[in-house]
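4 protein chains.
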Amino acid sequence: MIVILKKNPDKNQMDSLTNWFRSLGVEPHVSVGSHQTIIGLVGDTSRVDMDVIRAMDIVEDVRRIQEPFKNANRKFHPEDTVIDVGGVKIGGGHFAVMAGPCSVESEEQICAVAQAVKASGAQVLRGGAFKPRTSPYAFQGLHGDGIKLLLRAKELTGLPIVSEIMDASHIPLFEDVDIIQVGARNMQNFELLKQLGQLRKPVLLKRGLANTLQELLMSAEYIMAGGNDQVMLCERGIRTFETYTRNTLDLSAIPVLHSLSHLPVIIDPSHATGSAKLVQPMALAATAAGADGLIIEVHNDPAHALCDGPQSLTPADFDTLMHKVEAIRPYAER
Amino acid sequence: MIVILKKNPDKNQMDSLTNWFRSLGVEPHVSVGSHQTIIGLVGDTSRVDMDVIRAMDIVEDVRRIQEPFKNANRKFHPEDTVIDVGGVKIGGGHFAVMAGPCSVESEEQICAVAQAVKASGAQVLRGGAFKPRTSPYAFQGLHGDGIKLLLRAKELTGLPIVSEIMDASHIPLFEDVDIIQVGARNMQNFELLKQLGQLRKPVLLKRGLANTLQELLMSAEYIMAGGNDQVMLCERGIRTFETYTRNTLDLSAIPVLHSLSHLPVIIDPSHATGSAKLVQPMALAATAAGADGLIIEVHNDPAHALCDGPQSLTPADFDTLMHKVEAIRPYAER
Amino acid sequence: MIVILKKNPDKNQMDSLTNWFRSLGVEPHVSVGSHQTIIGLVGDTSRVDMDVIRAMDIVEDVRRIQEPFKNANRKFHPEDTVIDVGGVKIGGGHFAVMAGPCSVESEEQICAVAQAVKASGAQVLRGGAFKPRTSPYAFQGLHGDGIKLLLRAKELTGLPIVSEIMDASHIPLFEDVDIIQVGARNMQNFELLKQLGQLRKPVLLKRGLANTLQELLMSAEYIMAGGNDQVMLCERGIRTFETYTRNTLDLSAIPVLHSLSHLPVIIDPSHATGSAKLVQPMALAATAAGADGLIIEVHNDPAHALCDGPQSLTPADFDTLMHKVEAIRPYAER
Amino acid sequence: MIVILKKNPDKNQMDSLTNWFRSLGVEPHVSVGSHQTIIGLVGDTSRVDMDVIRAMDIVEDVRRIQEPFKNANRKFHPEDTVIDVGGVKIGGGHFAVMAGPCSVESEEQICAVAQAVKASGAQVLRGGAFKPRTSPYAFQGLHGDGIKLLLRAKELTGLPIVSEIMDASHIPLFEDVDIIQVGARNMQNFELLKQLGQLRKPVLLKRGLANTLQELLMSAEYIMAGGNDQVMLCERGIRTFETYTRNTLDLSAIPVLHSLSHLPVIIDPSHATGSAKLVQPMALAATAAGADGLIIEVHNDPAHALCDGPQSLTPADFDTLMHKVEAIRPYAER
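These protein sequences, in sequence, are chains A, B, C and D.
The numbering of the first sequence is the working numbering, which starts it at 59 and goes up by one.
The numbering of the second sequence is the working numbering, which starts it at 59 and goes up by one.
The numbering of the third sequence is the working numbering, which starts it at 59 and goes up by one.
The numbering of the fourth sequence is the working numbering, which starts it at 59 and goes up by one.
No wet-lab data here; the hints were simulated from the structure.
Please note that the accuracy of each hint is not assured.
Covered stretches of chain D, going by a simulated chain B footprint (3 or more residues, C-beta under 8 Å) [stated by the list, open to error]:
id: 1; segment: 96-103
id: 2; segment: 292-302
Lysine-lysine pairs mimicking DSSO-like chemistry, simulated, CA-CA at most 27 Å apart [claimed, not checked]:
id: 3; chain 1: D; residue 1: Lys335; chain 2: A; residue 2: Lys382
id: 4; chain 1: A; residue 1: Lys147; chain 2: D; residue 2: Lys147
id: 5; chain 1: D; residue 1: Lys259; chain 2: D; residue 2: Lys176
id: 6; chain 1: B; residue 1: Lys128; chain 2: C; residue 2: Lys382
id: 7; chain 1: B; residue 1: Lys64; chain 2: D; residue 2: Lys128
id: 8; chain 1: A; residue 1: Lys382; chain 2: A; residue 2: Lys147
id: 9; chain 1: B; residue 1: Lys128; chain 2: B; residue 2: Lys147
id: 10; chain 1: B; residue 1: Lys252; chain 2: A; residue 2: Lys252
id: 11; chain 1: D; residue 1: Lys147; chain 2: D; residue 2: Lys69
id: 12; chain 1: C; residue 1: Lys64; chain 2: A; residue 2: Lys128
id: 13; chain 1: B; residue 1: Lys147; chain 2: C; residue 2: Lys382
id: 14; chain 1: A; residue 1: Lys133; chain 2: A; residue 2: Lys335
id: 15; chain 1: C; residue 1: Lys128; chain 2: A; residue 2: Lys65
id: 16; chain 1: C; residue 1: Lys176; chain 2: A; residue 2: Lys133
id: 17; chain 1: D; residue 1: Lys64; chain 2: D; residue 2: Lys176
id: 18; chain 1: B; residue 1: Lys176; chain 2: B; residue 2: Lys335
id: 19; chain 1: D; residue 1: Lys147; chain 2: D; residue 2: Lys259
id: 20; chain 1: C; residue 1: Lys65; chain 2: A; residue 2: Lys128
id: 21; chain 1: A; residue 1: Lys64; chain 2: C; residue 2: Lys133
id: 22; chain 1: C; residue 1: Lys176; chain 2: C; residue 2: Lys382
id: 23; chain 1: A; residue 1: Lys252; chain 2: A; residue 2: Lys128
id: 24; chain 1: D; residue 1: Lys128; chain 2: D; residue 2: Lys147
id: 25; chain 1: C; residue 1: Lys69; chain 2: D; residue 2: Lys335
For each residue, glycine too, the CB sits at the ideal point set by N, CA and C.
Model the full assembly from the supplied sequences, consistent with the hints where possible.
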């Protein structure tokens with residue numbers, strides 16, 4: 059951390075500042091220049107609050123040069139984290155595809171899709187029971203009944219399941235869900251993150267629409283600070299000025315997150331693009347860039363899906379995609 | 059709503075589509091061109107799901123031309139909503155300033171600030187008891203104890219209070235809080251919004267960092283659909299590429315929201331800019347642009363504030379600001 | 059400037075680096091920590107190329123803590139610049155409104171608008187002769203003939219004129235134009251900026267749609283480095299995810315630019331919002347926030363304007379606006 | 059195009075509007091509803107100016123449903139354009155890699171890099187002679203001398219060359235340059251685009267930092283409207299709120315541009331990311347997503363490059379990358 063002082067700082071205030079830094083366990087190195095005085099802080103600054111320093115009279119600016127996250131930080135945990143979901147491994151060279159419908163609609167639908175995606179090589183079944191919708195008048199999911207249908211499809215196919223949670227009070231309903239997904243809109247629902255930190259169950263944490271990669275890692279840190287270190291990071295598109303695609307899929311997140319953190323990185327091309335015909339090229343691109351997994355919407359009847367039909371692949375298109383993904387995997391960048 | 063069909067649409071599919079529209083109570087008007095066929099839907103389309111239509115085989119694109127919100131829509135409710143908070147009126151020509159510290163820190167602090175801002179003309183006391191912080195290691199507020207201290211300051215000064223809620227399970231703690239604030243990160247925490255819709259208490263709903271004005275109004279619609287029509291909209295800066303200010307305060311939100319909706323519009327220049335020296339010009343600008351109120355951070359000792367010190371005004375600066383605000387108000391645009 | 063070295067930097071490389079800094083006239087201060095070594099550079103670093111340093115083997119990162127602009131920098135030029143345009147002063151407490159049509163269309167039109175805006179108190183006449191249009195098929199302006207018509211209106215009313223240049227080769231046509239405007243799309247047309255730096259004539263430099271305030275100041279620096287110090291900075295909206303307004307007007311640019319630079323700051327609410335009904339509140343907000351001037355589109359027949367009609371005020375609306383602007387001016391923040 | 063009228067539009071004004079549409083060669087279809095009247099325009103609307111319509115009294119809004127570009131539009135030109143550069147084909151299934159240093163620095167440097175990239179399979183040599191730099195004090199390129207050195211390297215290796223132009227007045231210097239590059243900052247330098255439209259030489263048109271894909275296609279339309287149909291579109295990262303990477307590479311631009319246009323799409327991972335270690339995964343991702351080519355910075359001594367060293371690959375890294383690109387190509391999405 060670098061503290062830049064205003065011109066001609068008061069000597070006493072500067073002494074008290076450097077003593078305060080030492081009391082926090084970080085060593086200040088002072089460089090006095092004719093125009094500017096700079097204090098370099100060396101040590102573990104993850105618990106130092108930049109805002110408190112910035113408010114001080116003699117301080118002009120503060121800059122962090124170390125990442126403010128610790129449990130999620132590759133510097134303190136050089137080995138890749140490998141998540142084990144009922145035998146399916148994700149991360150550290152293990153690649154997994156999660157597939158299924160946006161929403162669980164009926165037993166027939168979820169079971170048919172589950173069998174289809176399994177046949178094509180998917181290793182995890184996705185399906186929404188609680189659906190965050192912009193409009194209060196849109197279909198919001200089958201809730202507890204949706205979870206039951208997912209468990210029925212799991213029983214039938216043996217695929218572990220991933221489903222989105224929208225409120226901490228629903229945690230008991232997710233007892234048998236293998237991976238709990240935190241949606242983009244809840245990435246900074248800190249109360250929910252804290253509660254998930256108390257579980258010992260994998261969490262798929264989606265990046266918020268306008269959140270930086272550092273903020274994503276800080277949200278992972280909330281979960282990990284509670285003792286749950288099974289976190290997967292998911293890029294699903296960020297909001298930009300471009301309106302042709304629903305969001306802009308930021309694939310550079312893959313190598314950046316891999317360099318900053320040891321956690322697996324999953325890409326969701328379906329929500330990012332909002333269009334089935336863009337899912338395939340973006341899924342291949344994500345694979346080539348070194349993603350640890352993909353999460354893809356597949357529906358047996360996209361034209362009649364209760365939500366997000368336009369972005370769902372048919373089982374046949376998904377099957378074609380899976381063959382290409384497998385062909386590209388060996389050349390992927392890591 | 060406009061539905062644009064693909065070239066040479068199948069006649070039977072088109073008939074079944076138009077019949078389906080009629081069954082939803084909207085009348086389709088078909089314009090057949092040599093290159094393109096367009097269906098114009100006339101009527102109440104707020105419950106028609108665009109995604110379902112877009113997924114149909116014969117459909118190329120769908121565009122909404124009416125707003126998808128109803129309770130918050132000025133077209134259906136031409137009169138300005140006036141919120142009454144213990145006698146303080148906001149909206150419809152009534153202007154109110156909410157002021158106080160970012161966090162409640164101690165009885166001494168909150169009472170001193172409350173008395174100061176009251177003396178300068180503030181009509182509502184703000185103070186955070188639950189603080190959403192990016193880092194799990196930063197100060198998170200005094201929680202229930204913070205609410206108690208706010209109520210102590212309310213008792214002392216008579217000022218109604220506004221404080222932020224972070225989870226629906228905390229609602230009982232807010233029983234005596236006059237205005238419940240929903241922070242930017244929770245603007246699309248739909249479970250929380252639904253619960254607040256069950257209350258009969260004013261809600262100050264902050265725009266999310268990357269949310270459009272239409273999404274803000276849809277979130278207001280979530281609260282209003284539950285029967286709680288006392289919603290105030292708050293612009294607090296959006297995330298852009300500019301890094302000099304913490305966020306970019308979007309003041310055009312004031313006239314735009316006033317034209318789309320009857321709800322009061324409050325501006326928060328403190329969080330938007332993150333810098334005390336920018337709060338004053340932005341507060342005056344918001345007043346001139348026709349805001350119904352301001353929410354401003356004031357701290358009796360910004361340099362030692364436990365959070366967001368750099369953006370807090372001193373009571374003396376706040377007093378100066380209030381005089382200018384009052385001078386500009388008569389010339390504000392409405 | 060701060061240079062952060064990789065762990066355990068090679069001693070010889072570090073010595074050669076610090077010697078190189080000294081040769082550039084900046085003094086390095088080295089802070090050696092157990093995890094990180096930091097070099098603080100003190101002195102004039104505006105000519106040090108960060109990219110060159112960043113590419114060095116032993117360097118992890120480089121951060122600038124001083125602004126990279128000099129002529130435009132308030133630190134080196136504390137007094138406000140006052141631009142004198144044929145007797146009209148702008149900056150340093152002098153406020154001026156520039157008004158007129160988006161495009162010059164005919165002698166009748168430009169003269170009628172010029173007389174109307176003069177009567178309402180405008181001090182400079184604006185009018186486009188060269189129009190940057192997204193489509194090659196849209197009206198592109200009257201070019202040289204447009205300039206002649208502007209000069210005719212200047213002769214008639216005595217108002218100095220401002221008009222946009224699109225290419226350095228057109229400079230001779232602008233010999234009698236009082237202020238040359240550089241449009242947002244040309245803010246980083248460095249060849250054009252360099253040529254304008256050779257003139258001794260005021261330049262109104264518009265911020266690009268996606269340019270930071272620092273980049274705007276660097277473009278001003280291009281002009282000033284050539285010896286032309288009569289630069290006015292103009293904020294005209296930035297591109298964000300919000301689609302309701304054409305752009306998002308960033309009014310915090312006013313106090314920020316005033317703190318970083320001594321140059322006058324002009325606001326263009328017409329192009330920023332794209333809607334006449336938003337021009338008025340945003341013009342008042344800009345005035346309250348301390349702008350040194352406004353540039354506003356006025357057309358005597360907006361419904362038949364050849365470009366940008368929807369954002370043009372009628373002369374009557376402009377007159378109303380000018381009265382409010384004058385009322386607010388005394389309370390504006392500086 | 060859809061024109062939405064205000065409630066209860068005047069009958070005469072509506073008749074005159076529909077007659078006007080017919081005079082422009084587009085057929086209006088009117089749908090009258092109880093709340094809204096909609097006019098659907100069918101025919102070639104590329105020369106209809108939306109702004110003129112929007113300004114009319116009875117009009118509430120106008121929406122375009124057809125793309126406003128024609129020469130670049132796949133609908134009117136279904137076959138892929140294939141660009142032939144001295145025998146090297148790009149587009150329509152032909153893939154080419156352009157590689158070389160950011161700036162031409164010396165004969166020794168450009169020749170060494172040219173030989174290295176040719177040996178690894180690059181088919182075009184890139185090198186900057188005119189360098190747009192944010193700061194007027196940074197190295198701006200060797201200008202005409204740089205072009206001469208590029209031609210020397212072309213002579214040596216037989217590789218055609220691509221180099222950036224910054225001003226229309228420099229066109230004569232580019233007579234022997236095989237591909238003229240228009241940089242991101244000049245994407246809407248319409249005077250330059252018009253002049254390039256007069257040439258019969260391939261143009262590599264880079265997307266501006268904050269420009270939509272439609273605007274990129276409109277800029278291509280400027281060049282093509284002049285008769286030069288040899289345009290390649292280049293995505294090089296857009297500006298977003300994320301600060302970890304220099305820009306955000308928008309790879310969904312590849313399938314989107316391919317569906318909207320017949321022009322080849324080239325990806326520049328070097329400028330997009332600003333970091334050599336991100337170039338490789340992003341180059342592979344672009345290949346997998348179906349790009350028609352890549353443009354990559356390679357320098358024989360990145361640590362001493364005069365610009366953009368940190369994003370340049372070494373020849374050895376470039377060679378490794380080329381092998382992976384070739385392996386992935388057969389599985390790329392088209």
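Hints, verified against the model:
1. 96-103: holds (count 4)
2. 292-302: The restraint on the segment 292-302 of chain D holds, since 4 of its residues have a Cβ under 8 Å from chain B and three suffice.
3. D/Lys335 with A/Lys382: holds, 25 Å
4. A/Lys147 with D/Lys147: Since the Cα atoms of A/Lys147 and D/Lys147 sit roughly 43 Å apart, the hinted pair is violated (cutoff 27 Å).
5. D/Lys259 with D/Lys176: Roughly 23 Å between the alpha carbons, so the hint for D/Lys259 and D/Lys176 holds.
6. B/Lys128 with C/Lys382: violated, 34 Å
7. B/Lys64 with D/Lys128: holds, 19 Å
8. A/Lys382 with A/Lys147: holds, 21 Å
9. B/Lys128 with B/Lys147: Answer holds: B/Lys128 to B/Lys147 is near 24 Å, not above 27 Å.
10. B/Lys252 with A/Lys252: Holds, at about 22 Å.
11. D/Lys147 with D/Lys69: Answer violated: D/Lys147 to D/Lys69 is near 57 Å, above 27 Å.
12. C/Lys64 with A/Lys128: holds, 19 Å
13. B/Lys147 with C/Lys382: Status holds; Cα separation ~26 Å.
14. A/Lys133 with A/Lys335: violated, 39 Å
15. C/Lys128 with A/Lys65: holds, 18 Å
16. C/Lys176 with A/Lys133: Violated - the C-alpha atoms of A/Lys133 and C/Lys176 are around 66 Å apart, more than 27 Å.
17. D/Lys64 with D/Lys176: Status violated; Cα separation ~63 Å.
18. B/Lys176 with B/Lys335: At roughly 22 Å apart (the allowed maximum being 27 Å), B/Lys335 and B/Lys176 satisfy the hint.
19. D/Lys147 with D/Lys259: Since the Cα atoms of D/Lys147 and D/Lys259 sit roughly 14 Å apart, the hinted pair holds (cutoff 27 Å).
20. C/Lys65 with A/Lys128: Cα-Cα ~18 Å, so holds.
21. A/Lys64 with C/Lys133: Holds - the C-alpha atoms of C/Lys133 and A/Lys64 are around 13 Å apart, at most 27 Å.
22. C/Lys176 with C/Lys382: holds, 16 Å
23. A/Lys252 with A/Lys128: At roughly 16 Å apart (the allowed maximum being 27 Å), A/Lys128 and A/Lys252 satisfy the hint.
24. D/Lys128 with D/Lys147: holds, 24 Å
25. C/Lys69 with D/Lys335: holds, 25 Å
In this structure, the earlier hints numbered 4, 6, 11, 14, 16 and 17 are contradicted, and the remaining ones agree with it.
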